[in-house]
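Numbering (the UniProt record's numbering), first residue to last: 1 to 394.
Because the hints were derived from the structure by calculation, they are not lab data. Hints should not be assumed to be uniformly reliable.
[Unchecked claim] With a Cα cut of at most 30 Å, we get these calculated BS3-like pairs of lysine-lysine: (1) K96 - K252; (2) K318 - K343; (3) K200 - K318.
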Amino acid sequence: MNVEQLRADTPGVEHLIHFNNAGAALMPEPVVQVITGHLQQEARLGGYEAAAQCAAELENVYAAIGRLINARPNEIAVVENATRAWDMAFYSLALKPGDTVLTSMTEYAGNYIPYLQLRQQRGIEIRIIPNDEHGQVCLAALATLLEDERVALVSLPMIATNGGPVQPVEQIGALARAAGVLFLLDACQGVGQVPIDVQKIGCHMLTATSRKYLRGPRGMGFLYIEPSLCQRLEPVFLDLHAASLLTADSFKIRTDARRFENWECNVAAKLGLGAATEYALAQGIEPMWQRIQHLAGYLRHRLTEVTAITPQDLGPVKSGIVTFSHRYSSAPQVQQWLATQPKRINVSTSNAGSTLLDMQHRGLREVSRASVHAYNTEAEIDSLIDALIRLSHA
Numbered sequence: 001m002n003v004e005q006l007r008a009d010t011p012g013v014e015h016l017i018h019f020n021n022a023g024a025a026l027m028p029e030p031v032v033q034v035i036t037g038h039l040q041q042e043a044r045l046g047g048y049e050a051a052a053q054c055a056a057e058l059e060n061v062y063a064a065i066g067r068l069i070n071a072r073p074n075e076i077a078v079v080e081n082a083t084r085a086w087d088m089a090f091y092s093l094a095l096k097p098g099d100t101v102l103t104s105m106t107e108y109a110g111n112y113i114p115y116l117q118l119r120q121q122r123g124i125e126i127r128i129i130p131n132d133e134h135g136q137v138c139l140a141a142l143a144t145l146l147e148d149e150r151v152a153l154v155s156l157p158m159i160a161t162n163g164g165p166v167q168p169v170e171q172i173g174a175l176a177r178a179a180g181v182l183f184l185l186d187a188c189q190g191v192g193q194v195p196i197d198v199q200k201i202g203c204h205m206l207t208a209t210s211r212k213y214l215r216g217p218r219g220m221g222f223l224y225i226e227p228s229l230c231q232r233l234e235p236v237f238l239d240l241h242a243a244s245l246l247t248a249d250s251f252k253i254r255t256d257a258r259r260f261e262n263w264e265c266n267v268a269a270k271l272g273l274g275a276a277t278e279y280a281l282a283q284g285i286e287p288m289w290q291r292i293q294h295l296a297g298y299l300r301h302r303l304t305e306v307t308a309i310t311p312q313d314l315g316p317v318k319s320g321i322v323t324f325s326h327r328y329s330s331a332p333q334v335q336q337w338l339a340t341q342p343k344r345i346n347v348s349t350s351n352a353g354s355t356l357l358d359m360q361h362r363g364l365r366e367v368s369r370a371s372v373h374a375y376n377t378e379a380e381i382d383s384l385i386d387a388l389i390r391l392s393h394a
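Whole structure, please, built from the sequences with the hints as guidance.
And the structure:
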């Protein structure tokens, strides 16, 4: 990869070291220009008029996302964020009393809470797929669980917010398909980092965000949904974009994935998502993934040199999310210390509440999370290690 160009396109790297890409990555300048350029058009022309002027560019957003995940534009809905995308898919499923949802130990709490809500409201059941000896989903256990005819859905994150393995999603998808069970994949931490092909994965639904590894703006996400399933699902709410009013007594829901959208949206952010997707495609997701793995591996190796650090990552295939604990300082203290360095270093804290099952299982209350991206460098990682060593002696 042309790392110098990546960094030249990323003005933020001049004054800080950003290892919070799993939270919100630094946007490249071409993405910023698209967003601000449209906002200026709205100021000059008016919001409706500016949107009409860029109608072709808005359509291209769907095509770009389709190329990113090997889907067709009509299989994509662009919505306010990944949470809304996931909610629109999950709550539209006709889950009934006794239906079972299978999820992983690393499920995100924001997804697990809706499972509990539907257990209260509809009487669904929740079962956790055990981990194997590497800390990822145990495929043999999943196959056994799928023999239960009450299982209606497999739903889990590709990569957990608190690190953990890159789940074997293609094998999971194959098992779910063979059992005739729907598969909803939360790819928030995967899209933009890991090559994703929904055809190979076999998921029926996939959700993702703009702001993480894809390097787009906040407040934007998307949903992929398989066409045959899309036709069977009625969104939990409709508006004049998702449906048409035919008579005083009838309406018709649109046939494509945009039935899960609503009419009003942040047009500048939507264009920014498209620009971020095009930027990632131009760099190449496979080279990006290789560089992220290299940097994450280098960081994990350097962390072993800091005696006060305990690595917390699991799995045979690890992502760019590197997690660790400090023997003498809490994760918030580590985060604050790094933020006060002469050249600010951004990391984040992952609390037990975000991935409660996994954190409780491993006896963790919190971890420090340093998530690398392709525009990061080995020298930046060295600066992080030096700062952590100084913290150990502070």
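Structure-based check of each hint:
Taking the CA atoms of K96 and K252, the gap is about 25 Å. The hint holds against a cut of 30 Å. For the hint linking K318 to K343, the alpha-carbon distance of about 28 Å falls within 30 Å, and the restraint holds. Restraint check for K200 and K318: the C-alpha separation of about 20 Å stays at or below 30 Å, so the hint holds.
Consistency note: the structure conflicts with none of the earlier hints.
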